[in-house]
Amino acid sequence: MTPVRIRQACAADATSVADLVQEVYRPFTAGFRPTALKWSADAVRACASSWLMAHTEDELVGVVHHTPDPAGHTLDALSVAAPWRRRGMGTRLVAAVEERALRLGTRRMAIALRDSLGANIAFFTSLGYRPAGPFPPAHHLYVKEIGARE
Numbered sequence: 001m002t003p004v005r006i007r008q009a010c011a012a013d014a015t016s017v018a019d020l021v022q023e024v025y026r027p028f029t030a031g032f033r034p035t036a037l038k039w040s041a042d043a044v045r046a047c048a049s050s051w052l053m054a055h056t057e058d059e060l061v062g063v064v065h066h067t068p069d070p071a072g073h074t075l076d077a078l079s080v081a082a083p084w085r086r087r088g089m090g091t092r093l094v095a096a097v098e099e100r101a102l103r104l105g106t107r108r109m110a111i112a113l114r115d116s117l118g119a120n121i122a123f124f125t126s127l128g129y130r131p132a133g134p135f136p137p138a139h140h141l142y143v144k145e146i147g148a149r150e
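Residue numbering for the sequence shown follows the numbering used here, starting at 1 and increasing by one per position.
Simulated from the structure, these hints should not be mistaken for laboratory data. Do not rely on the hints blindly, as some may be mistaken.
[Claimed, not checked] DEER-style ranges, computed between Cβ atoms: (1) Pro27 with Leu104: 29 to 35 Å; (2) Glu99 with Arg26: 28 to 34 Å; (3) Ala41 with Arg85: 19 to 25 Å; (4) Asp115 with Ala95: 24 to 30 Å.
C-beta atoms are modelled at their ideal positions from N, C-alpha and C, and glycine is treated no differently.
My request is simple: use the sequences and hints to build the entire structure.
Quick look at the structure:
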């Protein structure tokens with residue numbers, strides 16, 4: 001098995017990160033305009049430290065954006081290259097975000113998921129995320145309590 005490492009992105013990674021996000025989300029434009037398509041290289045560069053990258057020695061295989069938030073640490077734009085899907089990369093990236101959130105003292109994760117994307121909803125609910133209410137337009141907020149309770 002090819003070793004995959006997860007690390008924080010830096011400004012020099014912005015184009016690669018944006019290219020992967022665009023590649024993953026562009027096919028959805030026939031039905032709607034994915035909010036993830038806002039992530040141009042310039043937008044990623046402006047907040048590069050809030051991105052995690054999964055990569056082999058010579059290939060970027062996945063990325064995720066995350067942000068501390070008073071309502072819960074948020075994540076978005078989870079993107080995994082097609083040959084790496086269903087191999088645990090998305091799960092590893094989400095787990096890495098959750099670990100960072102815990103280190104910051106956050107006990108709640110949040111993600112807005114589009115109602116029409118059943119596979120995304122199934123993926124996140126399999127990781128313990130639960131619907132918490134509408135997130136207009138056409139989304140629901142999903143949350144997960146993380147870490148041990150005191």
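Each hint tested on the structure:
no.: 1; hint: Pro27 with Leu104: 29 to 35 Å; in the structure: holds (34 Å)
no.: 2; hint: Glu99 with Arg26: 28 to 34 Å; in the structure: holds (30 Å)
no.: 3; hint: Ala41 with Arg85: 19 to 25 Å; in the structure: holds (23 Å)
no.: 4; hint: Asp115 with Ala95: 24 to 30 Å; in the structure: holds (25 Å)
Taken one by one, the earlier hints all hold for this structure without exception.
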